[in-house]
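Chains as they are written, first to last, in the numbering used here: chain P, 18 to 722; chain Z, 56 to 659.
Any given hint could be a false lead.
[Unchecked claim] Below are the DSSO-like pairs computed for lysine-lysine, each with C-alpha atoms no more than 27 Å apart in a straight line:
1. Z:K226 to P:K545
2. Z:K648 to P:K286
3. Z:K226 to Z:K490
4. P:K248 to Z:K648
[Claimed, not checked] To list a few chain Z residues with every Cβ distance to chain P over 10 Å, as calculated:
5. R111
6. L130
7. T476
Treat the hints as calculated values from the structure; they're not laboratory data. No residue lacks a Cβ here, since even glycine has one placed at the ideal position from N, Cα and C.
Letter by letter, the chains look like this.
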Amino acid sequence: MPKTVIAPEPVFNDETRLLPKKLVRARPLFDREILRRAIRESFVKLNPLAVAKNPVMFVVEVGAALTTILLAHNVISGVQGNGFEFQITLWLWFTVLFANFAEAMAEARGKAQADTLRKTKTDSMAKRLLDNGNVEAVPASRLRSGDLVICAAGDIIPGDGEVVEGIATVDESVITGESAPVIRESGGDRSAVTGGTKVLSDQIKIQITSNPGETFLDRMIALVEGAERQKTPNEIALNILIAGLTLIFLLAVVTLQPFAVYAVNSAGKGSVPSVVVLISLLVCLIPTTIGGLLSAIGIAGMDRVMQHNVLAMSGKAVEAAGDVNTLLLDKTGTITLGNRQAVEFLPCQGIEESELADVAQLASLADETPEGRSIVVLAKERFRLRGREVSHYQAQFIPFSAYTRMSGVNIDGRCLRKGATEAILNFVKEQHGNHSPELLEISERISRTGGTPLAVADGGRVLGIVHLKDIVKGGMHERIGHLRAMGIRSVMITGDNPLTAAAIASEAGVDDFLAQATPKDKLEYIRKEQAAGRLIAMTGDGTNDAPALAQADVGLAMNTGTSAAKEAGNMVDLDSNPTKLIEVVAIGKQLLITRGALTTFSIANDVAKYFAIIPAMFASTYPALEYLNIMHLHSPQSAVLAAVIFNALIIIALVPLALRGVKYRPVGAASLLKRNLLIYGLGGILAPFPGIWMINHLLVWLHLV
Amino acid sequence: MTPSGVLYIVVFFLVLLAVTKPLGLFMAHVYEGKRTFLHPLLRPLERLIYRLCGIREDSEQRWTQYAASLLAFSLVSFLFVYAIQRLQGFLPFNPMGFSTGHPPGNATPMTPDLAFNTAVSFMTNTNWQAYGGETTLSYFVQMLALTVQNFVSAAAGIAVAIALIRGFARKQMDTLGNFWVDLTRGTLYVMLPLCFVFAIFLCARGVPQTLEPYVKAKTLEGPTQTIAVGPVASQEAPKMLGTNGGGFFNANSAHPFENPTPLTNFMEILAILAISSGLTYTFGKMVGDTRQGWGLFAAMAVLFFAGVFVCYGSERAGNPILAHLGIETAAARGQPGGNMEGKEVRFGIASSALWATATTDASNGSVNSMHDSYTPLGGLIPMFNLQTDEVIFGGTGSGLYGILLYAVVGVFIAGLMVGRTPEYLGKKIEQKEVKMAMVAIIVTAFAILVFSALCSVAKFPAHGYWNPPGPATANLANDGPHGFSEILYAFSSASENNGSAFAGINVNTPWYNLLLGLAMLIGRFGFMLPALAIAGSLATKKKVPVTSGTLPTYGALWVGLLVATIVIVGALTFFPALSLGPIVEQFLMHQGKTFSMLIFPVWS
């Protein structure tokens, strides 16, 4: 295997690093500004109308209101010793506040981001081109779709559009966070520009494609702010589950009162637990942890996608990403580096490899294509042939044309050419050179392995072949392996012939490939997979990708792509990095795992709370139940209070987890489940025991009970 | 626990395991309409039934039509049983002259509320008995009303389970099969042949099968005694096999005419669980992956062993108060030791504990010992089995659809932790499935808890119709936590369509008859309808192909998850109530307190 020359690519060989740690615009979790905003919001959100959307927290708030009324009644009617009731009431309100805080934290992060974006939305003046060729200045907000505007260096692009004339460097850091300027030019796939970005050099003519209020920036602001946030299907289902559990616990606690009446009557001693204690039990049992954190998890999930510079048009799309069964990856640019590279010189018999390399390099000196450059580099690497300064020679460069299918240089009377094998053979014949059957043979051999042969001739002499090869990106094989471990099939899409496709596919390790694929084939493939019950994700940037992007369950459009592609997909990658799809899938999974983990944890927590509260409730009626007080809590009051406090504090303690998401490893479902069940299921059962025990002792130590 | 007792239980389980596959395979063939060895005999009869009833065998029903057929059939069954009971005085085969108004001797009159309760009870496969069979009902009622319901209510339960299985098995279809066809096949191919063979076996072991009047016998001491007989074997067989549990006699299978020998005892326990256990295999077979069925079986087996050994262990350990009085409670040659109160000396502790566990694992409700007399912990097991919706093998059909609903909940909670929309057997578990599974769990919890609460505190005026005056708790024979257990057990039993009882509570009053009847209706249809709704929704879905990213629903991890879901959901719902009943009673027993009408500390 000859030494290959590959541009260094980020290598993801650390298996835990499926989600790159360095996020483009990550804010610290507890940014001061965000905290301030979140704390203010948590009080605003106490509004019962807002809380009513969350059945679990609504029950807590109603409970808190009830204990407040009872407390007020006691104080007014002069009952002494309300310390316990006061503390319970306080902690019940804290429970609601903590849940509000979690949601507000998640929202505040989005809002802070939206503010930054909004600042760029200053109403700049646009130079609108009139039909008569003159330019008038209008506020950007008055531009309509179809208007033509001129933007010169230093101008802010007034709206989303397509470059129809010219080429310019544009600073898109507002949108992408990437400070390096990008090139935008008319025609092709790099013609889309986004409102709010800044032209750095040259002048372009832009056709506006969006109306005021519908621009990409507007949509982005709405998305990060969560203004358009709708509950995702899975979130709704989970809400039903926890509402159902709340109802069950409501039944269990409400009926406990008559049961207690019976117990007190028949035991002839003790008293029925007070309403405050019953409310405490209810609040401890209902799944407040997940109920309080559920919306925060959803918002934070969207936020995480955002931090990867991907704009998801809906939470549903992110959730679907977690469910994806098949990933369609374009070969060029996604699996391979996007350009063929020279990897090998194969001289004909009697020709020195170094001569072939020398001629090939000379013929490529003026060739600015990546293939051409890779030949220069390979020759340098193999034979220390320095890239010679072209101007030193009396050289005439022959550019590549579709007609001749070759390029080269005329230098010192020599005609050096490189090109398609047949074209070179024709050229040699014209030069009255020798026909070389060997050349065809080598050329065929290379084709068979998926490479591209590039024949080289010096006048009438056939020298040999340069082997050009698609280079699979570094670490790709491994990432595909991760996908397989997650149970996701990867399918490579390419326009190459099946032979070439198979070679690349096996090198990259993808599960399947679709060769000679037209956009129609792609669409059909997606439909076929979907009919078999699979969920498909794909990336695309061209207009002809649009139907497939729209059909796919997750369609990630490249920001550099055409607006048709961006409209069709349900996500846009601002970095235009197709491999991002893999990260998006991981984030989708992480979102679902976080929900499941906290739900399990929340339910498992209840076991310990029963052991704290039930013996405490009936201490006077059935002292025998003291056997259940396995934590040896100090007194009935300290037991109930400790459980309520634990229940409230655990919400705050889990806010970082809800916002960051549970750690995700790309392993199979069974081992993932085992690990999470151990941590959040078993951990959820055990954790409250020491927690409640410690709070109980703290309460006693502080003389609060 | 004695080695022989443990061996008895283990052998029982092995025999159950052995019948699971053949029975399950047979049922899969029956419900898939494949030919079985019984077809030459029964197929003409099946065709005749379809022709007479105007059933089109190949017409399929959507879930709503399937449910409507089920409800219609249940309503007709109820009305039929009610009418026959009320009219028994005018109908034949009534040698003892039972009637509704002024019954002979010490017989119980078949009042409207009792007839309502009994009709609901047999129609819902509960077989809660607020009456004593031999002192209330004519042979005609026993045979035509009750025995028939023993067959068809079981077949209806299996039909719903089959519909749910089809929901999992089918892809993008909106029908679930035909209720009438499933009902007919279940009765004809499953219940009838099994019961026929079993009844013959019982007759051979001494169970009576006669239409003659009760026998008058002169006892050794001189006075005459009336010995009740009747068409017992033909009712006993479907009673056990169809998880009905309503005894011909008041003493149920503790009566020597219902359960004469150790062999019949063993076979009757086996009959309780056989069909339900087989259905787990049917499930695996019909969804095309028998591992899935064994996964459910394994979860059931874990819960079964946990329950039976706690119950047996507690009964074996006996009552510490007696031990304290110097009474030998250890097993020894010639005496069983342990807690023998309320148990048949013929059967002993192990087989009684096994029966008590099995009958409440399933929705059977027959007894060969009196659960009321169990130690508190021993009695907690049957009660907790009921409260976890009888999914340990469970009732015919109801056990399977019950555990599948728990599987839906378990998959949904834990399935999220693998990072995908939860799916079970390739079907995505979404809003509708979660909602319906929760509805089923909530309504049964509602019936148990709210009705028990009502009966704990309700008071009745003098000269009222509903109940004797005074507190409802006056109907209890026992005080304290044990009395509370009796109430809680009654409503758990009714709501879960079990039918067994912590007797010692007078439930034949209009108040209890109505409330318990209501609980049975809620428990039956509050579970069946959501199960059918889920089936309907699942059938329309695509099947997601299995990958390594799919949560495996077989193997130890899954079994553990399913068991934990069942136990934790049940424990969280009922722990407060149970702590005031059997749990505190167990602690108090160790402190030397028991609860008869008097509370007396024996020692301490």
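Checking a non-interface call: every C-beta of chain P should be farther than 10 Å from the C-beta of T476 (chain Z). Is that right? violated, 5 Å
27 Å Cα cutoff - pair K648 (chain Z), K286 (chain P): Within the cut-off at roughly 15 Å; holds.
Decide if the proposed pair is consistent with the structure: K226 (chain Z) and K490 (chain Z), CA atoms, cutoff 27 Å inclusive. holds, 21 Å
Status of the stated non-contact between L130 (chain Z) and chain P (beta carbon gap over 10 Å): Its Cβ never comes within 10 Å of chain P, the nearest being 28 Å, so this holds.
Taking only the CA atoms, is the gap from K226 (chain Z) to K545 (chain P) under or equal to 27 Å? holds, 16 Å
Far enough from chain P: is every CB of that chain over 10 Å from the CB of R111 (chain Z)? holds, 31 Å
Satisfaction of hint between K648 (chain Z) and K248 (chain P), Cα-Cα up to 27 Å: Distance ~55 Å between K248 (chain P) and K648 (chain Z) Cα, so the pair is violated.
The structure fails to meet hints 4, 7 from the earlier list, while all remaining hints are met.
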